[in-house]
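In case it helps, UniProt numbering puts the sequence shown at residues 1 to 498.
By construction, these hints were calculated from the structure, which means they are not laboratory data. Each residue gets a CB set at the ideal place from its N, CA and C atoms; glycine is no exception. Wrong hints could be hidden among the right ones.
Stated by the list, open to error - Pairwise CB distance ranges, derived in the manner of DEER restraints: (1) Asp424 x Lys483: 32 to 38 angstroms; (2) Glu353 x Pro291: 23 to 29 angstroms; (3) Glu392 x Glu246: 43 to 49 angstroms.
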Amino acid sequence: MPTEGFIEPLDYLLQDWHLELPPDANPRNSPGLAQVEHAITPLNDHSRGMNRDESTSTDQLGQLKYTGPHQPRIVDIPFDIIMVMSRFMSATEVMNLLSSCRKLHSFIDEESIWLHFCSRYGVRDRQPFVGRSFKEIYTCLLHTYGPLLGTWAGNHPPIGNILEFRLQLGPGMPAAGIVGEIWHFDRGLPNKSRLFDDLTRTAVVLITFPDPSLGITVVHPSRYAQVYCCGDMSRRIVRPPTEWHEASLHTLSRLATLTNTDIVSGRYKYPDFPGASSWYDVLRPFPRLHPLVQVTPNESTSTYVRDRDVTAKPCAITLGCPSGDSYISSYSHRAMSDLGDLPATYYFPLCTEVVRGIPPESVEWTPASLRGLWLGDYAEVGTECIHVEVDEGSSTLRGWKVTGDVFVPRGTTTWDIHIGVPLDINEDGWRIPALLEHSEVHQVYCGAMRFGNGYTDTYVNTLAFLAVTGPDDMTVLSSDGRKFTYTRYREKHSSRKS
Numbered sequence: 001m002p003t004e005g006f007i008e009p010l011d012y013l014l015q016d017w018h019l020e021l022p023p024d025a026n027p028r029n030s031p032g033l034a035q036v037e038h039a040i041t042p043l044n045d046h047s048r049g050m051n052r053d054e055s056t057s058t059d060q061l062g063q064l065k066y067t068g069p070h071q072p073r074i075v076d077i078p079f080d081i082i083m084v085m086s087r088f089m090s091a092t093e094v095m096n097l098l099s100s101c102r103k104l105h106s107f108i109d110e111e112s113i114w115l116h117f118c119s120r121y122g123v124r125d126r127q128p129f130v131g132r133s134f135k136e137i138y139t140c141l142l143h144t145y146g147p148l149l150g151t152w153a154g155n156h157p158p159i160g161n162i163l164e165f166r167l168q169l170g171p172g173m174p175a176a177g178i179v180g181e182i183w184h185f186d187r188g189l190p191n192k193s194r195l196f197d198d199l200t201r202t203a204v205v206l207i208t209f210p211d212p213s214l215g216i217t218v219v220h221p222s223r224y225a226q227v228y229c230c231g232d233m234s235r236r237i238v239r240p241p242t243e244w245h246e247a248s249l250h251t252l253s254r255l256a257t258l259t260n261t262d263i264v265s266g267r268y269k270y271p272d273f274p275g276a277s278s279w280y281d282v283l284r285p286f287p288r289l290h291p292l293v294q295v296t297p298n299e300s301t302s303t304y305v306r307d308r309d310v311t312a313k314p315c316a317i318t319l320g321c322p323s324g325d326s327y328i329s330s331y332s333h334r335a336m337s338d339l340g341d342l343p344a345t346y347y348f349p350l351c352t353e354v355v356r357g358i359p360p361e362s363v364e365w366t367p368a369s370l371r372g373l374w375l376g377d378y379a380e381v382g383t384e385c386i387h388v389e390v391d392e393g394s395s396t397l398r399g400w401k402v403t404g405d406v407f408v409p410r411g412t413t414t415w416d417i418h419i420g421v422p423l424d425i426n427e428d429g430w431r432i433p434a435l436l437e438h439s440e441v442h443q444v445y446c447g448a449m450r451f452g453n454g455y456t457d458t459y460v461n462t463l464a465f466l467a468v469t470g471p472d473d474m475t476v477l478s479s480d481g482r483k484f485t486y487t488r489y490r491e492k493h494s495s496r497k498s
């Protein structure tokens with residue numbers, strides 16, 4: 001009979017079945033439904049010719065032995081073994097299995113099955129979703145929108161932005177669900193001692209179940225979760241549920257994003273995004289939505305001209321809202337006063353793997369320990385996000401701007417540092433500007449920093465030095481005396497507004 005919770009036997013004997021799982025069984029690396037069924041039924045004619053009390057099937061899951069008097073059938077598998085098997089399957093495979101016959105279909109609403117799939121996304125308590133079962137939470141919310149969880153880089157020129165989706169289960173929002181928050185930084189000189197305090201997040205979209213008792217508009221009467229525009233970016237607050245309205249969320253295929261190319265307006269020319277950047281997370285799954293069929297704008301009436309030589313873009317997501325005052329509205333962004341309305345922003349999966357910093361004075365330290373996402377102080381234009389990559393082939397440490405400014409926009413490299421041979425501080429110290437005299441320096445490399453205005457073809461590269469001052473801190477100094485400090489991105493240093 002179905003039981004609450006999971007039974008996790010390694011040597012479990014029940015009636016006519018004996019399931020033996022290896023002690024190192026890993027659900028992430030285990031085969032799918034086809035292999036599991038293969039383990040349950042006789043493998044071939046040879047096994048059929050064996051005595052039924054000796055028939056054995058073996059695969060990566062371990063050994064499943066049937067010792068009963070009849071030919072084994074999948075319907076004869078006890079529920080507790082089905083529970084173990086479900087941990088090695090996707091939700092779709094489990095649904096297919098439980099829909100194969102009436103007996104198994106009677107288990108389809110078993111909460112412990114769906115608790116397991118909800119827990120993969122961090123939902124282990126259904127209390128925040130008042131009145132919803134684990135099956136509803138998974139099938140109507142997490143299965144479709146769960147892959148959104150994480151950070152996404154927006155292509156909006158020239159600054160760009162970062163949209164982060166996370167679970168909203170506690171206080172701070174009127175309803176539980178998946179909230180999308182925009183990163184923003186207070187412009188102006190950041191607090192040098194607490195650079196991360198400049199990063200805040202403001203909710204702009206919430207994916208939740210419609211609840212008329214909260215005043216949430218039921219856009220399409222349905223038991224499924226819906227996407228709502230909930231934020232007021234001008235005041236950086238979450239609006240009351242009575243003011244929420246429908247938003248659209250779509251995926252874009254690789255071919256559809258061909259229209260997302262270089263933008264030219266007057267003297268400003270912005271780079272392709274994403275270009276050959278290592279920050280694009282190729283392993284990130286996408287929400288299970290129908291791809292948006294993109295309509296090419298009329299170039300004769302558009303302010304922006306697309307570069308036809310740009311390569312196809314990888315998959316992306318896009319948000320839309322019919323309200324003109326919404327941050328996610330297709331034509332609400334104003335990057336510069338003389339640019340007018342800009343096309344919709346596309347968001348690409350951003351890799352935010354946090355690499356463990358190594359003290360630069362340690363013999364274990366290598367330039368590769370600097371890879372990952374950093375926050376940089378760019379003086380008058382404020383804090384920007386930089387993704388550092390290591391090109392082993394050319395011995396180059398490269399800083400990509402995930403967010404940028406009118407001088408060096410998003411999608412460009414802010415500096416290229418040669419890491420083949422470090423400078424000897426004792427012998428070459430005279431080459432390093434005196435701005436580092438109060439910092440503890442252990443590793444110094446030489447390279448070039450990029451400057452320009454609107455990323456025209458006349459941008460210049462200036463001699464620059466990169467100095468590693470700590471496991472999670474570094475400074476870049478240009479030959480003309482400008483100083484840029486960087487701190488490794490850490491989730492714990494950020495704050496939220498709601």
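Verification of the supplied hints:
no. : hint                                : in the structure
1   : Asp424 x Lys483: 32 to 38 angstroms : violated (22 angstroms)
2   : Glu353 x Pro291: 23 to 29 angstroms : holds (27 angstroms)
3   : Glu392 x Glu246: 43 to 49 angstroms : holds (48 angstroms)
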